[in-house]
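Number of protein chains: 2
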Amino acid sequence: MPDNRPTLRPVVDDFFPSLPASIPPPGVSDPFGTQRALEPKGGLPQPARRVDNDFSRLFMGEMLVAVETLNVDAASFRQMEDAAGAGLSEAERDAAVAGAVVATVRERGKQHNPVTGSGGMLLGRVLQLAPGRVRDVVDVGDRIASLVSLSLTPLRIDQVKAVRRASAQIDVEGEAVLFASGAYAKLPPDLPERLALAVLDVAGAAPQVARLVAQRIAGEPTRVVTVVVLGAGGKSGVLCAAEARRTGGARVKVIGVEKHAPFASDLRGLGVCDVVAVTDACDPIAVRRAVLEANGGEEADLVFSCVNVPDAEMSAVLATRDRGTAYFFAMSTSFTKAALGAEGVGKDIDLMIGNGFARGHAEHSLGMMRQMPAIRALFEERYG
Amino acid sequence: MPDNRPTLRPVVDDFFPSLPASIPPPGVSDPFGTQRALEPKGGLPQPARRVDNDFSRLFMGEMLVAVETLNVDAASFRQMEDAAGAGLSEAERDAAVAGAVVATVRERGKQHNPVTGSGGMLLGRVLQLAPGRVRDVVDVGDRIASLVSLSLTPLRIDQVKAVRRASAQIDVEGEAVLFASGAYAKLPPDLPERLALAVLDVAGAAPQVARLVAQRIAGEPTRVVTVVVLGAGGKSGVLCAAEARRTGGARVKVIGVEKHAPFASDLRGLGVCDVVAVTDACDPIAVRRAVLEANGGEEADLVFSCVNVPDAEMSAVLATRDRGTAYFFAMSTSFTKAALGAEGVGKDIDLMIGNGFARGHAEHSLGMMRQMPAIRALFEERYG
Chain A
131 MPDNRPTLRP
141 VVDDFFPSLP
151 ASIPPPGVSD
161 PFGTQRALEP
171 KGGLPQPARR
181 VDNDFSRLFM
191 GEMLVAVETL
201 NVDAASFRQM
211 EDAAGAGLSE
221 AERDAAVAGA
231 VVATVRERGK
241 QHNPVTGSGG
251 MLLGRVLQLA
261 PGRVRDVVDV
271 GDRIASLVSL
281 SLTPLRIDQV
291 KAVRRASAQI
301 DVEGEAVLFA
311 SGAYAKLPPD
321 LPERLALAVL
331 DVAGAAPQVA
341 RLVAQRIAGE
351 PTRVVTVVVL
361 GAGGKSGVLC
371 AAEARRTGGA
381 RVKVIGVEKH
391 APFASDLRGL
401 GVCDVVAVTD
411 ACDPIAVRRA
421 VLEANGGEEA
431 DLVFSCVNVP
441 DAEMSAVLAT
451 RDRGTAYFFA
461 MSTSFTKAAL
471 GAEGVGKDID
481 LMIGNGFARG
491 HAEHSLGMMR
501 QMPAIRALFE
511 ERYG
Chain B
131 MPDNRPTLRP
141 VVDDFFPSLP
151 ASIPPPGVSD
161 PFGTQRALEP
171 KGGLPQPARR
181 VDNDFSRLFM
191 GEMLVAVETL
201 NVDAASFRQM
211 EDAAGAGLSE
221 AERDAAVAGA
231 VVATVRERGK
241 QHNPVTGSGG
251 MLLGRVLQLA
261 PGRVRDVVDV
271 GDRIASLVSL
281 SLTPLRIDQV
291 KAVRRASAQI
301 DVEGEAVLFA
311 SGAYAKLPPD
321 LPERLALAVL
331 DVAGAAPQVA
341 RLVAQRIAGE
351 PTRVVTVVVL
361 GAGGKSGVLC
371 AAEARRTGGA
381 RVKVIGVEKH
391 APFASDLRGL
401 GVCDVVAVTD
411 ACDPIAVRRA
421 VLEANGGEEA
431 DLVFSCVNVP
441 DAEMSAVLAT
451 RDRGTAYFFA
461 MSTSFTKAAL
471 GAEGVGKDID
481 LMIGNGFARG
491 HAEHSLGMMR
501 QMPAIRALFE
511 ERYG
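The listed protein sequences derive, respectively, from chains A and B.
If you count the first sequence from 1, you need to add 130 to reach our numbering.
If you count the second sequence from 1, you need to add 130 to reach our numbering.
Some hints could be false.
Note that identical chains are pooled: a pair holds if it fits in a single copy or bridges any two copies.
To be verified - Heads up, simulated DMTMM-like pairs for lysine to aspartate or glutamate below, C-alpha to C-alpha not over 20 angstroms straight-line: (1) 171 - 410; (2) 171 - 413; (3) 389 - 222; (4) 316 - 169; (5) 316 - 331.
It is worth saying that the hints were derived from the structure and are not from the lab.
Turn these sequences into a full structure, and let the hints guide you.
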């Protein structure tokens, strides 16, 4: 019987550990993957023009993965299709996209689209765990999804097997490395894969909501805390509204703002909001009026903006009370519009950049699917 | 004897007050100045293509100002010079800039540069305070500096008197209106005007540092809290480092990172930092190493980034400890680079957008000049 186990790769053992405890000498490997940056050498792998994708040896702290599927960032996928030109058959277009991915990975050592700057994530199976890792929740053989961008993930493609346009996915044979600092999730056996991927895509949102709501409630023992979610009927919006209710219970009033009527209706059906306002989150005056109307003339303590279009900054700013917090999850947020906007209207509020990572965020958000069957059903219907 | 007092303008008295207490009917004036937005009507004045600069009547909550000087945003001033073309004499170039400002204000009702999108601020004298204002610290006749952008401030120019290129200032005769929500500062009688303007330009920084340091110290009663300031030798950087020391005393360790050797030397001379590292704040690996070296291998609790060039986000992210805070004051900060950067290296930290406004920020920062003579002397030498 042939031995199907992959050959273990030797591990280069000069390493600066994940937890700061000593000063890293220049040039050793570290949890951020500087050991793999080739241009410029020794920098971070994300901004690097090229990374080392030679997996005949690993460095301390690395996880080697047999890649099955690349979930390409939607903007990147579209760019590669557009660059292929018009008038192609489906097969020709798919081949052009596959060719573009293979060329990028050959040139850069990672699927880091040189035009859009974006990557995506990958699905695969763990082949080897080098020493120097902490907090692993997987063993060799487990299937995982990476939760860090392909734009920083060393990758080698041996063969493209299929291009699935509808989901911007590419099935491949190949290998990749995740660094010690790189987040990932073990694919849960009890949830459909498509549901799990949809939830993992926005896994950071709910844990941040849970923290901020808990903190604010503790600081306001005598009154109900008001939470507004802009774009509350979308994927991250639903999770934010649901988490605000789960964490806050009767101590919070949850106001969902959603422009799209069917999404607003879905949201009402979940019963997690006290009020659902069908309002365009890009109209700050309308949003402010809707929030004041729903909240007895008062602004909100916490406003979470999940609106993935430009120019939603001022709606969050104008809906937030003095010393409240406006938290922006959407990548379409403009730093200067938020900063100068708050200054321009004299709003003394905290403005936060949504961090897609929080310790334990994958388990947290997947757990919501198990505890909240109505939300799971909605997500399976929409994204399953 | 002629009466030199200006004619009082009638005040339109339909107003939704500053403090939320009732629902604003559409179309009345409000503290944000929607009553002056003409295109689109009823929106916020900053994004408006054109605002109403007819000051023959005021609306409730407005402050009428006799304008003396426009402090034009540096990027806007440069754009207007460049647009004038090469090969001009100084007088011709100044006239072209003045002409551009007059044309913009005639067209838009505000000095909102259509190319750069930026404005600046103004110096002037208070002519009239309409009813409906709260928290005013001035009387009619006082000289003030506006602390909101010219890009949202209704303005009328009657005459351009001088263009001062070195300071990007234009002396004018004209009038402007500040809304009830618009921050301003009374020019202090005991500080030189140029010093006051230099400090007011970054007035928001120190109060935010004071809050975050006080909060963090209260949450960590048993150990010294580490504060890192990136770009610590610049104007806002010096104020941040000094405020961290003033608020935290011996409870904080302050590490200043400054690339420019003379600025690093100035900073050492002030004695507010425990360590000053001469390091490029755009090199995240070098910054991380410098911070770990200065701090016994530990990351920092609070990192304030005052580096006004692109690509400084990851330095702040990598220097911040788990559940610490990275606070970005610079307008050159990229929302996506900070958000995706933290996610990419698995840093569970709070990322904050610097809000230029905090209640009482002007008095707070001007007060530092009175209490900290070494910093006042440095600023007078540099910016006086």
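We went through each hint and held it up to the structure:
For the identical chains of this complex, residue 171 and residue 410 are inter-copy neighbours only, at 17 angstroms across copies versus 47 angstroms inside a copy, given an alpha-carbon limit of 20 angstroms. Proximity of residue 171 and residue 413 under a CA criterion of 20 angstroms is satisfied inter-copy only: 12 angstroms between copies versus 46 angstroms inside one chain copy. With identical chains, the CA atoms of residue 389 and residue 222 are never at most 20 angstroms apart, being 38 angstroms at best within one copy and 52 angstroms at best between copies. In this assembly of identical chains, residue 316 and residue 169 lie within 20 angstroms of each other by CA distance neither inside one copy nor across copies; the values are 32 angstroms within and 52 angstroms between.
For the homomeric pair residue 316 and residue 331, the shortest alpha-carbon distance inside one copy (14 angstroms) is at most 20 angstroms, but the shortest distance between copies (49 angstroms) is not.
Violation of the numbered hints given earlier is confined to hints 3 and 4; the remaining hints are satisfied by the structure.
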